[in-house]
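Number of protein chains: 2
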Amino acid sequence: MTKRKVFFISDRTGITAETLGGSLLTQFPKIQFTKTFIPFVTDVTSAKNAVSTIIEQTKVDGEDPIVFSTLTDPEILSIIATSSPNVFDLFGTFVGPLEKALESNSSRSAGKMHGISDTTAYETRLSALNFTLNHDDGLSPSDFHEADIVLMGVSRCGKTPTCLYLSMHYSLKAANYPLTSDDFNKLKMPEVLRSVKNKVYGLTIRPEQLSRIRRERRPEGEYSKLSNCRKEVSIAETLFKAENLPFLDTSTVSIEEIAATIVQAMGLH
Amino acid sequence: MTKRKVFFISDRTGITAETLGGSLLTQFPKIQFTKTFIPFVTDVTSAKNAVSTIIEQTKVDGEDPIVFSTLTDPEILSIIATSSPNVFDLFGTFVGPLEKALESNSSRSAGKMHGISDTTAYETRLSALNFTLNHDDGLSPSDFHEADIVLMGVSRCGKTPTCLYLSMHYSLKAANYPLTSDDFNKLKMPEVLRSVKNKVYGLTIRPEQLSRIRRERRPEGEYSKLSNCRKEVSIAETLFKAENLPFLDTSTVSIEEIAATIVQAMGLH
Numbered sequence: 181m182t183k184r185k186v187f188f189i190s191d192r193t194g195i196t197a198e199t200l201g202g203s204l205l206t207q208f209p210k211i212q213f214t215k216t217f218i219p220f221v222t223d224v225t226s227a228k229n230a231v232s233t234i235i236e237q238t239k240v241d242g243e244d245p246i247v248f249s250t251l252t253d254p255e256i257l258s259i260i261a262t263s264s265p266n267v268f269d270l271f272g273t274f275v276g277p278l279e280k281a282l283e284s285n286s287s288r289s290a291g292k293m294h295g296i297s298d299t300t301a302y303e304t305r306l307s308a309l310n311f312t313l314n315h316d317d318g319l320s321p322s323d324f325h326e327a328d329i330v331l332m333g334v335s336r337c338g339k340t341p342t343c344l345y346l347s348m349h350y351s352l353k354a355a356n357y358p359l360t361s362d363d364f365n366k367l368k369m370p371e372v373l374r375s376v377k378n379k380v381y382g383l384t385i386r387p388e389q390l391s392r393i394r395r396e397r398r399p400e401g402e403y404s405k406l407s408n409c410r411k412e413v414s415i416a417e418t419l420f421k422a423e424n425l426p427f428l429d430t431s432t433v434s435i436e437e438i439a440a441t442i443v444q445a446m447g448l449h
Numbered sequence: 181m182t183k184r185k186v187f188f189i190s191d192r193t194g195i196t197a198e199t200l201g202g203s204l205l206t207q208f209p210k211i212q213f214t215k216t217f218i219p220f221v222t223d224v225t226s227a228k229n230a231v232s233t234i235i236e237q238t239k240v241d242g243e244d245p246i247v248f249s250t251l252t253d254p255e256i257l258s259i260i261a262t263s264s265p266n267v268f269d270l271f272g273t274f275v276g277p278l279e280k281a282l283e284s285n286s287s288r289s290a291g292k293m294h295g296i297s298d299t300t301a302y303e304t305r306l307s308a309l310n311f312t313l314n315h316d317d318g319l320s321p322s323d324f325h326e327a328d329i330v331l332m333g334v335s336r337c338g339k340t341p342t343c344l345y346l347s348m349h350y351s352l353k354a355a356n357y358p359l360t361s362d363d364f365n366k367l368k369m370p371e372v373l374r375s376v377k378n379k380v381y382g383l384t385i386r387p388e389q390l391s392r393i394r395r396e397r398r399p400e401g402e403y404s405k406l407s408n409c410r411k412e413v414s415i416a417e418t419l420f421k422a423e424n425l426p427f428l429d430t431s432t433v434s435i436e437e438i439a440a441t442i443v444q445a446m447g448l449h
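Heads up: the protein sequence lines correspond to chains A and B, in order.
Under our numbering, the first residue of the first sequence is numbered 181, with each subsequent residue one higher.
Under our numbering, the first residue of the second sequence is numbered 181, with each subsequent residue one higher.
Hint data in this document are derived by calculation from the structure and do not stem from the laboratory.
Keep in mind it's a predicted model, so treat the numbers as computed, not measured.
Watch out, some of these pointers could steer you wrong.
Note that identical chains are pooled: a pair holds if it fits in a single copy or bridges any two copies.
[What the hints assert, rightly or not] Taking lysine-lysine pairs in the DSSO-like style, the calculated list, with each CA pair at most 27 Å apart, reads:
{"no.": "1", "residue 1": "K377", "residue 2": "K228"}
{"no.": "2", "residue 1": "K215", "residue 2": "K379"}
{"no.": "3", "residue 1": "K239", "residue 2": "K366"}
{"no.": "4", "residue 1": "K377", "residue 2": "K421"}
{"no.": "5", "residue 1": "K280", "residue 2": "K215"}
{"no.": "6", "residue 1": "K228", "residue 2": "K368"}
{"no.": "7", "residue 1": "K377", "residue 2": "K280"}
{"no.": "8", "residue 1": "K411", "residue 2": "K183"}
{"no.": "9", "residue 1": "K411", "residue 2": "K368"}
{"no.": "10", "residue 1": "K405", "residue 2": "K366"}
{"no.": "11", "residue 1": "K280", "residue 2": "K185"}
{"no.": "12", "residue 1": "K210", "residue 2": "K280"}
{"no.": "13", "residue 1": "K366", "residue 2": "K183"}
{"no.": "14", "residue 1": "K183", "residue 2": "K280"}
{"no.": "15", "residue 1": "K405", "residue 2": "K185"}
{"no.": "16", "residue 1": "K215", "residue 2": "K228"}
{"no.": "17", "residue 1": "K411", "residue 2": "K185"}
{"no.": "18", "residue 1": "K280", "residue 2": "K379"}
{"no.": "19", "residue 1": "K239", "residue 2": "K280"}
{"no.": "20", "residue 1": "K405", "residue 2": "K228"}
{"no.": "21", "residue 1": "K368", "residue 2": "K379"}
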């Protein structure tokens, strides 16, 4: 397999460079990439250090490295540009055309996307995260009327990670409610969720995968047995359909995809 | 303030489009943007629907909207391109030059960045998140030798959100340990952290901000009083310095920036 070195250079966290650069690299599945992240490149000294690092790490390769940059300062970028013939200016490439389209000059300031550019928005996000942590696994269901979304499903189907992502990324107050044997016997929407039914979204999962995940946590007993997982999943899905709830199978879907699907389906963005 | 409509079109979650597009827009602070996200545009029908939405929402504006696309399929993109003269192809712009630099054809498949492209990596991430949830707020410190990082600081200085981000984004097992009155009296590294000292990173915060955050949670009592917050923060910082621990003031820094700083300082990426 061909190997190539890739550097992600940014004046702030490097998240934008990593996101787009990483996404572009997934288009080349036959090449094995070694990634190095150099964030907080904010001045001439740190830019020169980054160039040294890049040259040092690639001089035995015989191949020029790929360098993804989201730097905003043209002077800093011009230093980084000396590190390789393959420097991709992910940010600056669009600034000029965008200035034209918006008929406005850009501020050319260091990346603010992941800084605290808006204090109110930032506090909303932290308060959403606190709500989510305090309403995990069916905690305090009497507060669910304050939630933006309530995820429902059997234990270990992905509710908690999805809720955390929904609050962290979309600033949503995301609660979740685990379906347990009580609910299975009744085959009805849990009473406590009835008044917030329009906020409820179901998650389901393939029984084989559920059983595997549960065995890691509790290898013995009924909880992780495939037959029991089959029964629970089947009842959960019957309940979703009977109550006409939207639901999603999380088996082959990442947290980001589950979250984006829910946000779109519930019109929450 | 000038207003402009912006659309983010993607064939998957839309996170890459939102990240880079949003980052570019922060360079135009004088314009107020109304953002619409249209993820999962995967076929001709959904592309045509997206175009209708864009045209519908902007026909009274008299200004062409900005459209950020991370679509990978040229046919779908060509449909979206009819929605506005200002369509920015954030992804395709770099695919050609990258093919040349890598001397390899791209797979031109839909964005995989936020899908489960690597099952092992995905399970590592979920297991990091579980570890983090089970080692929040000083829980099970006897497991801290398994952690990649242990954050230490006074209550409400940002430890939990940072740990969650570290696990969610960087797949790190992040534990945290709250400094309490016991530790304040001793003015020494808590005994239980001694053997993992090389994994400990301190967080601190301005006392005024700490007091405000704590008041929201518990308006009365010693806990949120400014004088008490001053004392706690001062002792925490003295302890960090005495023990020669790296530490960061989180007061004006976002979760992403705190996390990126820690990851770089501790060489964890």
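Cross-check of the supplied hints:
1. K377 - K228: Result: close neither inside a copy nor across copies, 57 Å intra and 32 Å inter.
2. K215 - K379: Result: close only across copies, 23 Å inter versus 41 Å intra.
3. K239 - K366: neither (67 Å within a copy, 51 Å between copies)
4. K377 - K421: Classified as within; 13 Å inside a copy, 52 Å across copies.
5. K280 - K215: This pair counts as between: shortest inter-copy Cα distance 19 Å, intra-copy 34 Å.
6. K228 - K368: neither (64 Å within a copy, 39 Å between copies)
7. K377 - K280: Neither, since 47 Å and 53 Å both go past 27 Å.
8. K411 - K183: Answer is neither: 47 Å inside a copy and 53 Å across each miss the 27 Å cutoff.
9. K411 - K368: within (15 Å within a copy, 53 Å between copies)
10. K405 - K366: The answer is within: 22 Å in one copy meets 27 Å, while 49 Å across copies does not.
11. K280 - K185: between (35 Å within a copy, 15 Å between copies)
12. K210 - K280: Result: close only across copies, 15 Å inter versus 38 Å intra.
13. K366 - K183: Close neither inside one copy (57 Å) nor across copies (52 Å); limit 27 Å.
14. K183 - K280: Only across copies: K183 and K280 sit 15 Å apart there, 39 Å inside one copy, limit 27 Å.
15. K405 - K185: Result: close neither inside a copy nor across copies, 45 Å intra and 52 Å inter.
16. K215 - K228: Classified as within: same-chain Cα gap 19 Å, cross-chain 37 Å, threshold 27 Å.
17. K411 - K185: Neither, since 48 Å and 48 Å both go past 27 Å.
18. K280 - K379: Result: close neither inside a copy nor across copies, 42 Å intra and 48 Å inter.
19. K239 - K280: between (40 Å within a copy, 21 Å between copies)
20. K405 - K228: neither (58 Å within a copy, 46 Å between copies)
21. K368 - K379: within (16 Å within a copy, 48 Å between copies)
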